[in-house]
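Numbers given in this note's numbering equal positions in the sequence shown, counted from 1, plus 7.
I should point out that these hints are in silico values taken from the structure, not numbers from a laboratory.
Do not take every clue at face value.
The following label-pair restraints were derived from C-beta to C-beta distances [stated by the list, open to error]:
hint	residue 1	residue 2	range
1	Ile92	Asp185	25 to 31 Å
2	Val261	Trp20	28 to 34 Å
3	Gln200	Leu121	23 to 29 Å
Glycine is no exception: its CB is placed at the ideal position from the N, C-alpha and C atoms.
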Amino acid sequence: MTPLPRLRVRFTWVHLAALVIAAFVAAPLYWMAASSFKPQTEIGANPPTVWPDQATWSNYRDAFAENNFGTYLLNSAIVSIVATIVVLGLSTFAGYALARLPLRGKAPIMISLLMISLFPTIALAAPLFLLMRDLGWLNSYQGLILVYTALNVPFAVWILRNFFLGIPKEMEEVAWVDGASPLRTVLSVILPQAAPGVFTAAIFTFTACWTEFLIALTLNAADSYRTMPVGLALFGSQFTVPYGTIFAAATVSVLPIALLVLIFRRAVVSGLTAGAVKG
Numbered sequence: 008m009t010p011l012p013r014l015r016v017r018f019t020w021v022h023l024a025a026l027v028i029a030a031f032v033a034a035p036l037y038w039m040a041a042s043s044f045k046p047q048t049e050i051g052a053n054p055p056t057v058w059p060d061q062a063t064w065s066n067y068r069d070a071f072a073e074n075n076f077g078t079y080l081l082n083s084a085i086v087s088i089v090a091t092i093v094v095l096g097l098s099t100f101a102g103y104a105l106a107r108l109p110l111r112g113k114a115p116i117m118i119s120l121l122m123i124s125l126f127p128t129i130a131l132a133a134p135l136f137l138l139m140r141d142l143g144w145l146n147s148y149q150g151l152i153l154v155y156t157a158l159n160v161p162f163a164v165w166i167l168r169n170f171f172l173g174i175p176k177e178m179e180e181v182a183w184v185d186g187a188s189p190l191r192t193v194l195s196v197i198l199p200q201a202a203p204g205v206f207t208a209a210i211f212t213f214t215a216c217w218t219e220f221l222i223a224l225t226l227n228a229a230d231s232y233r234t235m236p237v238g239l240a241l242f243g244s245q246f247t248v249p250y251g252t253i254f255a256a257a258t259v260s261v262l263p264i265a266l267l268v269l270i271f272r273r274a275v276v277s278g279l280t281a282g283a284v285k286g
């Protein structure tokens with residue numbers, strides 16, 4: 008009879024720790040959203056106000072009307088969505104091959120992919136700039152899409168390979184007996200079973216592309232091709248920093264990621280759990 012109270016106390020402490028961590032993470036997000044509705048004079052008030060005394064939409068209007076933030080969001084959406092689709096297409100077949108086909112040197116390949124995914128981006132900025140300049144792809148969508156694809160494929164392959172390893176081989180064998188081709192087997196049998204892993208890879212890839220700053224700053228200097236992180240960093244001037252407008256733009260930029268995680272949260276948790284214990 009004694010283990011039950013101990014288990015109950017431990018369970019309570021786990022919940023308390025989770026609430027503390029959640030509050031620690033949510034507090035800056037709340038402060039950012041609340042400050043986006045404050046006028047400039049109230050943002051620097053001392054003591055600070057938890058919620059704006061005079062809420063206003065002027066910061067959002069300034070972000071889109073005076074700072075071209077809508078164009079930056081559109082550019083980020085185009086680059087991130089296209090790069091995510093390409094990454095999923097490549098990493099799905101690469102991950103399946105590494106999980107199922109009798110290839111030589113699988114271990115060196117996986118180690119190489121891990122090393123590539125951990126390589127510092129700042130070391131690639133100058134070579135990528137010279138390469139895109141020679142290709143004539145500076146200030147373009149395709150330049151960023153190509154680079155983002157190359158940077159995110161290794162991590163996506165790791166996630167999908169581990170998930171494919173957890174799918175029983177008997178399902179593929181049944182499909183082959185029924186006359187399905189290898190491509191049809193992957194598309195019709197394997198991918199539906201690996202949906203949580205695909206969603207996880209997609210969300211991680213989209214988030215990485217959506218928030219990437221250094222490569223976007225290096226390759227796209229023209230204002231019409233700037234992405235959201237670069238445009239947001241260039242708000243203001245030498246003498247003024249429009250904190251309210253920056254808070255408003257940052258709040259809008261967080262919404263797509265928050266919605267994706269909220270909608271696909273179960274698939275993401277399942278994909279992360281599978282990737283942690285399989286393979």
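Status of the hints after comparison with the structure:
Between Ile92 and Asp185 the beta carbons are some 29 Å apart, a value that agrees with the proposed interval 25 to 31 Å. Our hint of 28 to 34 Å for Val261 and Trp20 holds, since their Cβ atoms are close to 31 Å apart. Between Gln200 and Leu121 the C-beta distance comes to about 25 Å, which sits within the given range of 23 to 29 Å.
No hint from the list above goes unmet by this structure.
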